[in-house]
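2 protein chains.
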Amino acid sequence: MATIKDVAERAGVSVATVSRMMNKPDVVKPQTVKKIQKAMKELNYYPDVMARALQTKRSGIIGLIVPRISYGLFARIADAVEDACCQHGFRLMICHSEYEEQREMDMVALLKANKVDGMLICSYVGDPEKYNALDLPIVAIDREMERIPSVTCDNVTGGALAAQELIAAGCRHPLIVTYPVPAYMPLHGRLAGFQKTIAEAQLTCSQVEIDTFRPQAARELADFLRAHPEVDGFFMNGDHMAAQLTQQTRAEGLPLLDQLPVVSFDGLDLSGFLDMTTIAQPIEDMGRYAVEILLQKIEGKAVPIRSTLEVKCIRRGSTSNRSNH
Amino acid sequence: MATIKDVAERAGVSVATVSRMMNKPDVVKPQTVKKIQKAMKELNYYPDVMARALQTKRSGIIGLIVPRISYGLFARIADAVEDACCQHGFRLMICHSEYEEQREMDMVALLKANKVDGMLICSYVGDPEKYNALDLPIVAIDREMERIPSVTCDNVTGGALAAQELIAAGCRHPLIVTYPVPAYMPLHGRLAGFQKTIAEAQLTCSQVEIDTFRPQAARELADFLRAHPEVDGFFMNGDHMAAQLTQQTRAEGLPLLDQLPVVSFDGLDLSGFLDMTTIAQPIEDMGRYAVEILLQKIEGKAVPIRSTLEVKCIRRGSTSNRSNH
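In the order they appear, the protein sequences are chains A and B. Quick note on numbering: the numbering used here labels position 44 of the first sequence as 28, and the sequence is numbered without any gaps. Quick note on numbering: the numbering used here labels position 35 of the second sequence as 19, and the sequence is numbered without any gaps.
The set of hints was computed from the structure by calculation and includes no laboratory data. It cannot be assumed that every hint is accurate.
Since the list can't tell identical chains apart, any single copy or any two copies may satisfy a pair.
Capping the alpha-carbon separation at 30 Å, the derived lysine-lysine pairs in BS3-like fashion look like this [to be verified]:
id, residue 1, residue 2
1, K96, K114
2, K(-11), K180
3, K180, K22
4, K96, K281
5, K(-11), K19
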């Protein structure tokens, strides 16, 4: 691999000039900067990041904590964050929290020990106080935590759009299917927006918490529906959950989600594969904004504490072909 | 955060002993090691990784290059690799290659500049010679490259199982639907296994290359089928591709993949959501083995150049409910 000496030779300058250019580019003549950058590019030269980190007290590494990478929404967020990091010359270190608070705090400590310049958190658990105590720039994605800047979608409007879509499909008593979540999850706004819109239309709705990672999930839903025959549509709190429950109910010979109107949330490719109407979060924008806000925070600038991005409804067969009218 | 001094105090030993324990644990008494480890755990202490890396010439970081994290198979591989890294005390740095050779080589250089101890490659492009020239431990996952250890599934058997499944569903002339791939992709073994089994049953098959990321993919498949009315089943070269093409053909009003028997490949959750028979790769095991082989290579040990893991057929509605018998 090329060294700083190779770059200096190729650019026709001294090693000291190359070094100065990397640490304080503003004190080097613009045409010299250009010459050196050209030489670096031609030689595929990347500075020794670790040595530089000790010099500049910056590692150029951003940490990202997700429950699991492969869980639909987080894979897309990771994609977006990696793209944005790369564009700004940062590297991405990814850790799993596995939905366990202790593991999450271990990962936070590990990332801090690795001298990340900042952290992005899409975690499920964890005490906001512990993050505030870290003395490290942090931005939360799809979560709201006290005194930590967050980037979320407009969950309240998303819930309202979902309700409107089900009402338009003829539903008079939809069921919200969700999972148990801590209070700081922005999901609560989603449910509030949904319920408000249903009430304004002088309709009613029910709510059930189902853990689709348990094998009896389909049975639990079937039992609930037997006891509540008034349910005539579903608002599923996430595409992945909707996909799991669709599969589980079919396997049990109770294709409940194939018969009534369904609106899901997130806007993953998955919802398209299943022809399911969904409220799409602007996932790529959320990842990009989160990185940009984090980089501003790393530079000590003031940043917005709450960034709420627009959602949209993608209408598909699960509402347009199953009208209750 | 806790310092090495806090750990020493809590464990009742000197700072020098803690330092010795971290760098050469075998020269410290086992009971002292235990005492120090207990203190570290209680204090949530992680050594300053970067300073240690300069001392030991190791960063404790593994690099992973994937085309995109969110593309089905790679998200699951990333999960498995992160789990294994974490278990062995390594951190994971992830980069996208975006299916572009230049970007891939940039990411390789970047990871090397970040002093990763080794690299895992699940990339789509790239010249094996360039990897061999790197002087860095590398293991390929789901790829075979000259002189680089690889971990793949048993693609030949996988192809054979797919053919057997379609034959059992009554197919007499299945169509292989694949995408253009470079010669070093292990996918070729998959096709060879499929074709051999079809030939042994004295049947015939066709093959078509379709890029499902282009909007006209569904039309191309429809055109091919019009010209080849003998086609009576599909072997899809990947669950994600199968899901995309199922959606695209439905959207065009040509639900081709819903009518004939279909066998896919990979074994992602996606195939279950779509009730699609698939040949499942042991993705979690592949990720774990790749990390273990890489760690052995980092330690200078001899490692197997080819590790081929077992596949299995998961039978679902796309073959069991659409028999051609």
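Here is what the structure says about each hint:
Taking the shortest Cα distances, K96 and K114 sit within 30 Å of each other inside one copy (13 Å), while across copies they are farther apart (33 Å). Taking CA atoms no more than 30 Å apart as the test, K(-11) paired with K180 passes in neither setting, with 66 Å inside one copy and 56 Å between copies. With identical chains, the CA atoms of K180 and K22 are never at most 30 Å apart, being 58 Å at best within one copy and 52 Å at best between copies. Taking CA atoms no more than 30 Å apart as the test, K96 paired with K281 passes in both settings, with 16 Å inside one copy and 28 Å between copies.
For a Cα distance limit of 30 Å, the shortest separation of K(-11) from K19 inside one copy, 14 Å, qualifies, whereas the shortest one across copies, 47 Å, does not.
Of the numbered hints stated above, those contradicted by the structure are hints 2 and 3, listed in ascending order.
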